[in-house]
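Student: For the sequence shown, my numbering assigns the number 7 to the initial residue and increments by one for each residue that follows.
None of these hints come from the bench; they were simulated from the model. Careful, some of the hints might be misleading.
When the alpha-carbon atoms are kept at most 27 Å apart in a straight line, the in silico DSS-like pairs for lysine-lysine are as follows [what the hints assert, rightly or not]: (1) 295 x 487; (2) 288 x 162; (3) 233 x 300; (4) 1026 x 1088; (5) 340 x 431; (6) 278 x 162; (7) 431 x 539; (8) 278 x 295; (9) 162 x 199; (10) 1088 x 162; (11) 300 x 236; (12) 1026 x 233; (13) 615 x 539; (14) 295 x 233.
For each label pair, taking beta carbons as the anchor points, the in silico distance ranges come out as [stated by the list, open to error]: (15) 137 x 387: 31 to 37 Å; (16) 350 x 492: 50 to 56 Å; (17) 189 x 343: 41 to 47 Å.
The beta-carbon is built from N, C-alpha and C at its ideal position, and this holds for glycine as well.
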Amino acid sequence: MRKFNIRKVLDGLTAGSSSASQQPPPQQHTPGGREPEVQETLQSEHFQLCKTVRHGFPYQPSALAFDPVQKILAVGTQTGALRLFGRPGVECYCQHDGGAAVIQLQFLINEGALVSALADDTLHLWNLRQKRPAILHSLKFCRERVTFCHLPFQSKWLYVGTERGNIHIVNVESFTLSGYVIMWNKAIELSSKSHPGPVVHISDNPMDEGKLLIGYESGTVVLWDLKSKKGDYRYTYDEAIHSVAWHHEGKQFICSHSDGTLTIWNVRSPAKPVQTITPHGKQLKDGKKPEPCKPILKVEFKTTRSGEPFIILSGGLSYDTVGRRPCLTVMHGKSTAVLEMDYSIVDFLTLCETPYPNDFQEPYAVVVLLEKDLVLIDLAQNGYPIFENPYPLSIHESPVTCCEYFADCPVDLIPALYSVGARQKRQGYSKKEWPINGGNWGLGAQSYPEIIITGHADGSIKFWDASAITLQVLYKLKTAKVFEKSRNKDDKPNTDIVDEDPYAIQIISWCPESRMLCIAGVSAHVIIYRFSKQEVIIEVIPMLEVRLLYEINDLDSPEGEQAPPLPTPVGATSPQPIPPQSHPSTSSSSSDGLRDNVPCLKVKNSPLKQSPGYQAELVIQLVWVGGEPPQQITSLAVNSSYGLVVFGNCNGIAIVDYLQKAVLLNLGTIELYGSNDPYRREPRSPRKSRQPSGAGLCDISEGTVVPEDRCKSPTSDVKDNSFSRSRSSSVTSIDKESREAISALHFCETFTRKADSSPSPCLWVGTTLGTVLVIALNLPPGGEQRLLQPVIVSPSGTILRLKGAILRMAFLDTTGCLVPPAYESWREHNVPEEKDEKEKLKKKRPVSVSPSPSQEISENQYAVICSEKQAKVISLPTQNCAYKQNITETSFVLRGDIVALSNSICLACFCANGHIMTFSLPSLRPLLDVYYLPLTNMRIARTFCFTNNGQALYLVSPTEIQRLTYSQETCENLQEMLGELFTPVETPEAPNRGFFKGLFGGGAQSLDREELFGESSSGKASRSLAQHIPGPGGIEGVKGAASGVVGELARARLALDERGQKLGDLEERTTAMLSSADSFSKHAHEMMLKYKDKKWYQF
């Protein structure tokens, strides 16, 4: 009699009640109503979804700021993102709601705060003193467009310039407007008859805070006296201004103009500039003006104690330098250095030793924000070398085309990859330490190794150390090295499938234990790599060419691989037997002179030097057949224990023995079914046209789906319910629409047929029509025999059916533990072995659980199969469906992974409708269903992946990886793991004014801004001008959090805060009452003194 498990019933009830609120509730089905013997430990409370960190270069950057005391760098983007960088490993990502572009950033230096100005005319004050920065206040300008902001060092008054040419003043403590306004017409008075244009620059005189320099776009500059509220001097130039910078002594300033000139002005000589420079202009004879150049977009003027000042500028190149790369120019004394950049310059900042504008600046570096890179130039070294960038900003060096994520890897992997990667580092960097070194690291609670592998459009593969929420590149592999590169377009063979990026990586299959790596590329090529610490030179690169055909009227099983009679699958239509004919896969004849038997890429025939790291073991290429190009590979798997690699596309499947360099199986998908094909298929239509190159990486690889194709895909008639073929391979012709592509492959040691009494090596094959087929593998003994005897592979006749394309398969033992595929531990292949070592290095195989007398044989293993629509758990060897879960009716699963979490395992799925779900195993109880993000582009579909310990990632933009966790434990520990941006640092001492300057004046003049801009003297600003919005970073943010997970704590904190506020208010009122009582007694005393000596009749 079966034991009744009350805990499972309760679990089922809680799972049911938790999923009842979700829309729509997934349908769970247990055929036969059997209870599982497996004790499942995972519950809903083990799961919680949250973003952890974002890595990579900020996509579409637009603004830059630096705190010289805290040593923190901030970058704003066109999508409203804010990225903060401290010391290597201290990074932070924040996002403005609404997504308006960031136009300017200003640090409150050494205060742990930052002001951002956005293109929607809002200003925001960010609190950086918390691990996850939040907005404290926002101010929305209603009637004017914000163009420029300036916050003087150690001031709480922010100057805001507008498109109308006016300047408003904001109190950054309360984020309210002052009544003090500098109107454009007052500023320019009669110096110009027309409007001067928007404000493009505001700064105070370094030596006199009471004097404000205002630059207008048209070319007018005004020195405004804040106290007397009038312009002291007006400087006019007939070219538009882009930027202005002061000399630290406050006697001169420099302007950059739209004609490529720089003008230097003496403050007291407004009539004309003392010097006009055209840094890149050709100096003409006869004293004529140099030829105009491109605009100088920004200039900085930095002084040094012991030498000439630096003038640093971007832009200003002459118009005849066509095709020249963007440049940063450094002028120092008589020398001018022109530093070429790889991308256009967005902004740059000079890093100086002092935060005080009235002291010698002593510049030591320039940080240059480029469109797709961040460069730091060392000003102190000859030749201005760049610093080696320690941030992981090179993810997009070549566009990312696919991604894999491995958590809990073998511990020796990261050091091994690092040691071979260290040899690839470039030379010639600055010898100094990276100067942006603010903040502190978090406490890494996670100690397990994590590796991310990215595949790129240029055929490169990068391995990244992703442990403890950081990211660091370990090693880069260039797969294109094995192919001949065409030197020019004319001698390019006309065999490529795609016009661009023929080496682009589509699929990565990696075995961390054996370190075997296999990649599939866009030109229908597969390369197998071994890891070695030794350098080798191979004379000839081993190569195989494979013809994969799709011929419905030309079918046969290869000799010696005759499939046994197949059982009719349940619910299938009557099979269509096909008369056996000759098998065409070895034909090399060309019909009608069409291109035939030609691969897309040419493998190098010269000796190849292979550096330590990954070394090519075998290159496999699919060839053209009868004028038709090979179809792109849709699925790939490698197994180090069996020495096999398998791949498939919409034509069929090929199994290759990479040890013997032999093709073992080459079958059309339909041939796998033998005589029992459940689909009525039409003969293939004749096809002459070449596959368009548009079928590139937009719709490739495992788990990628094109929503448009989904609407028009044909249906297949199946009795239980008809369903659309919901997977599009990269095929565009009509006859391929209904083809059945190989969509999932899994090597394992399990029960191949129902009658099996023990597990044996086999390959499980999933197709886009929801079929799972099993191929038996008969392996020769290990050692030398493995290289001499053939591996025999044959379809077993086992067929399983699911709804939707198969995505993932895995196997569990009787206890519900994952049975991993067999693997061979890594060893150095390029070193001769000793006999004793050979004995030690026996192949590891998973231990199959032999049935004890008390267990039924049907309990031996569970197969977990996940498709685009549903998941099934099949008991093996009986092949009964133990559990079934319909994951989604209206959408489809993009990625499904069977992952380990909290000493148990679960199925994690990401749906195209934006839902992330997890299910227990083997019973497929729903544990988590959270709406995360909808599928907005194919990049997300192509790169989303789950891994062990509740980790997941995807490419959120072309340059950034977003990591997230679905583990409650990681969510709780995240706060500790995140780095601190703000660290208490003493502000450097102000520069000494010196004895004579103190005696005769001439030192820095301070200004009581409070007196000028405060409400008492300047009055209140117009209410309609700007609207104050309290941010979530204040008490309001805590109120929002009060409804969350930590509700009680937050409420208690809120109550304390409000109580504190009330006590504060009470204290203020008491103080006010005391002072009013004090003033009353003072007045009474004065009255008494006044009238003390007067007689009563004198009153």
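Student: Provide an ascending list of the numbers of those earlier hints which the structure does not satisfy.
Tutor: 1, 2, 3, 4, 5, 6, 9, 10, 11, 14, 16
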